[in-house]
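Please dock the two separately framed chains into a single complex, following the hints provided.
Letter by letter, the chains look like this.
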Amino acid sequence: MATDPDAVDKIFYQELKAFYTDEEIIELGAFIGMNLGYHTFFGTLDFYPMFSPDGRLIDQEESRRIYGTQVSSLQDRGAI
Amino acid sequence: MSNIQGIEKSSITDPELLELMEEALHLGIPGEKFILILARVPSYAKAILKAMIIGFNQGNIDHRIKEVMRVQLARFAGDSYSGQLRSKRAIQEGLEEDLIDSGSNDYEDDERFSEAEKVALRFSDQMYLDPKKVDKYFYDEMKKHYSEAQIMELGGFMVLQYGMQTFIRTLDLSSD
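Residue numbers (our numbering), protein chains in the order written: chain W, 1 to 80; chain U, 1 to 176.
Same shape as in the complex, but just chain U (with noise of 0.2 angstroms):
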């Protein structure tokens, strides 16, 4: 049993929360288990919904490696509730599991994501586990593929990603 039990959705009567939970579940992530957690705190659930939804789901950069550096950042932080989740619009794409999984390890050598991509997954690969690496030296890099408001859309979602994954990895989703 997780270490917080969700709430009845039965029970969610803020119009606005409903929406951002239904436009939540049809795009498949965060997922219904931690939204109902979530949902004990009405107003927190509306703006971290809302916020990790258009940082997913919006913006200038490819969804489908977003969805790459999503489980990526989720493996890392040993979150295998993430981990296992996945963007219902990503495989819509044609997004496929042995790509996904090539962004979690020898990404740097697979001739199917091309240079910016790979500057994108090691972005997210070193931003929580070494984050010294990423100096101007690596922002210089990127830029040279991506502008700075991609940077900062790369950056925003990154972090309320992987913020949100460290949160759940302690609450034992998993173990429902």
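For reference, chain W alone in the conformation it holds in the complex (with noise of 0.2 angstroms):
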């Protein structure tokens, strides 16, 4: 859905309905769709996890430092 929503078919939709009944599909098409949503625009914003690896609360500095400003995965299927 984020990265090539055409795939996303009826034929995609078939092979959903062998695992999820509507019910579920529906409750996944949502949440995927607001979390797509939010984290475009929270990229945007520019801010950081408020804790380091270990455990510290840190600044927002520090955090960028650390967590970095570019996301490492999946940047090969349309991550920004």
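Derived from the structure by calculation, the hints contain no laboratory data. Errors might be hidden in some of the hints.
Stated by the list, open to error - Calculated pairs, EDC-like style, for lysine to aspartate or glutamate (alpha carbon to alpha carbon, straight line, at most 20 angstroms): (1) Lys33/U <-> Asp9/W; (2) Lys118/U <-> Asp130/U; (3) Lys50/U <-> Glu27/W; (4) Lys17/W <-> Asp172/U; (5) Lys46/U <-> Glu15/W; (6) Lys9/U <-> Glu23/W; (7) Lys9/U <-> Asp46/W; (8) Lys136/U <-> Asp59/W; (9) Lys33/U <-> Glu61/W; (10) Lys46/U <-> Asp22/W; (11) Lys136/U <-> Asp46/W; (12) Lys50/U <-> Glu32/U; (13) Lys46/U <-> Glu62/W; (14) Lys132/U <-> Asp46/W; (15) Lys46/U <-> Glu23/U; (16) Lys33/U <-> Glu24/W; (17) Lys133/U <-> Asp46/W; (18) Lys144/U <-> Glu108/U; (19) Lys143/U <-> Asp46/W; (20) Lys33/U <-> Glu23/W; (21) Lys144/U <-> Asp62/U; (22) Lys46/U <-> Asp59/W; (23) Lys136/U <-> Glu61/W; (24) Lys33/U <-> Asp22/W; (25) Lys33/U <-> Glu19/U; (26) Lys136/U <-> Glu62/W; (27) Lys144/U <-> Asp46/W; (28) Lys10/W <-> Glu24/W; (29) Lys10/W <-> Asp172/U.
Quantities reported herein were computed from a predicted structural model and do not represent experimental measurements.
Written as structure tokens, this is what we have:
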């Protein structure tokens, strides 16, 4: 849905229905839609986790240095 | 036929959901067909409808520019169902189809839009087409025209509209 929505077609839904009820598909689709919308917005706001990997409360500058500004995974699948 | 079928309206008995549905239908967004599909999961339907109505119909930003942004986002998302819907309130407030079309095309050169409205349209235009352009400099420009609360209002509104439009696109509602 995020990187190739055309691939989420009738055949895809038929495959989904082999494993999930219509209600569960709605739950998943709405959840994905909201996360897709929010995470793109969050990415533009330039904020970072409040805690270091070892659990320390850190300021945004340190967090930015620790976590970086780029998503390191999924770069070849459309992540920004 | 859409990929997931909606339920019968007469089968909805939850009074809160019925009230939200009436409010959404009065507004015209997000349209009965999607609401009846969402209503398969009443807790989700209530939360999403409430957020969509608040984000679209309340706040301190002109409703008409939100409608232009909503249609622009629907077109970018490839969601022809939402792209065909119109806010009844925006139409009553004088929003014309020609201006809606301009909001998805040559709005930068359209003198009918104020500078603030052009920045808002650029916000929705760039957010999902080229979010790297929505950077510190972009937000500095936005802050010349909008308070931080208004920027959050626009961002939250866009997030939910675009997120649901992306989902609606896959449901293929226009095929019914």
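Here's how the hints hold up against the structure:
This hinted pair checks out: Lys33/U and Asp9/W have alpha carbons roughly 18 angstroms apart, not beyond 20 angstroms. At roughly 16 angstroms between alpha-carbon atoms, Lys118/U and Asp130/U fall within 20 angstroms of each other, so this suggested pair holds. Between Lys50/U and Glu27/W the CA atoms are separated by roughly 16 angstroms; this keeps the pair inside 20 angstroms, and the hint holds. For the hint linking Lys17/W to Asp172/U, the alpha-carbon distance of about 16 angstroms falls within 20 angstroms, and the restraint holds.
Under the criterion of a C-alpha separation no larger than 20 angstroms, the hint pairing Lys46/U with Glu15/W is inconsistent with the structure, at around 28 angstroms. A hinted pair counts as satisfied when its Cα atoms are at most 20 angstroms apart, and Lys9/U with Glu23/W qualifies at roughly 16 angstroms. Note on Lys9/U and Asp46/W: the hinted pairing is violated, with a Cα-Cα distance of about 43 angstroms set against a maximum of 20 angstroms. For a cut-off of 20 angstroms, the pair hint linking Lys136/U to Asp59/W stands: about 18 angstroms separates their Cα positions.
Proposed proximity of Lys33/U and Glu61/W is contradicted: the alpha carbons are some 46 angstroms apart, above 20 angstroms. Between Lys46/U and Asp22/W, the direct Cα distance comes to roughly 17 angstroms. Compliance with the 20 angstroms bound is thereby established for this hinted pair. Between Lys136/U and Asp46/W the CA atoms are separated by roughly 8 angstroms; this keeps the pair inside 20 angstroms, and the hint holds. With a CA separation close to 15 angstroms, the supplied pair Lys50/U and Glu32/U stays within the 20 angstroms bound.
Taken as a hint, the Lys46/U and Glu62/W pair is broken in the structure, with Cα atoms around 40 angstroms apart against an allowance of 20 angstroms. A hinted pair counts as satisfied when its Cα atoms are at most 20 angstroms apart, and Lys132/U with Asp46/W qualifies at roughly 11 angstroms. Only pairs whose Cα atoms come within 20 angstroms are accepted, and Lys46/U paired with Glu23/U is accepted, the gap being roughly 12 angstroms. For the given pair, Lys33/U sits about 18 angstroms from Glu24/W by alpha-carbon distance, which is consistent with the 20 angstroms threshold.
Between Lys133/U and Asp46/W the alpha-carbon distance is near 12 angstroms, which keeps this suggested pair within the 20 angstroms criterion. Annotation: proposed proximity of Lys144/U to Glu108/U holds, straight-line Cα distance about 17 angstroms (limit 20 angstroms). Distance check on the hinted pair: Lys143/U and Asp46/W sit about 16 angstroms apart at the alpha-carbon level, within 20 angstroms; holds. Taking the CA atoms of Lys33/U and Glu23/W, the gap is near 15 angstroms; set against the 20 angstroms cutoff, the hint holds.
At most 20 angstroms may separate the alpha-carbon atoms for a hinted pair to count; Lys144/U and Asp62/U meet this at roughly 17 angstroms. About 37 angstroms separates the Cα atoms of Lys46/U and Asp59/W, which puts this hinted pair outside 20 angstroms; it is violated. A distance of roughly 15 angstroms separates the Cα atoms of Lys136/U and Glu61/W; the hinted pair therefore holds under the 20 angstroms criterion. Between Lys33/U and Asp22/W the CA atoms are separated by roughly 15 angstroms; this keeps the pair inside 20 angstroms, and the hint holds.
The suggested pairing of Lys33/U with Glu19/U holds, with an alpha-carbon distance near 16 angstroms, which does not exceed 20 angstroms. Taken as a hint, the Lys136/U and Glu62/W pair is honoured in the structure, with Cα atoms around 18 angstroms apart against an allowance of 20 angstroms. Proposed proximity of Lys144/U and Asp46/W is supported: the alpha carbons are some 19 angstroms apart, at most 20 angstroms. Taking the CA atoms of Lys10/W and Glu24/W, the gap is near 16 angstroms; set against the 20 angstroms cutoff, the hint holds.
For the proposed pair Lys10/W and Asp172/U, the alpha carbon gap of about 8 angstroms is at most 20 angstroms, so the pair holds.
Hint violations for this structure: numbers 5, 7, 9, 13, 22, all remaining hints satisfied.
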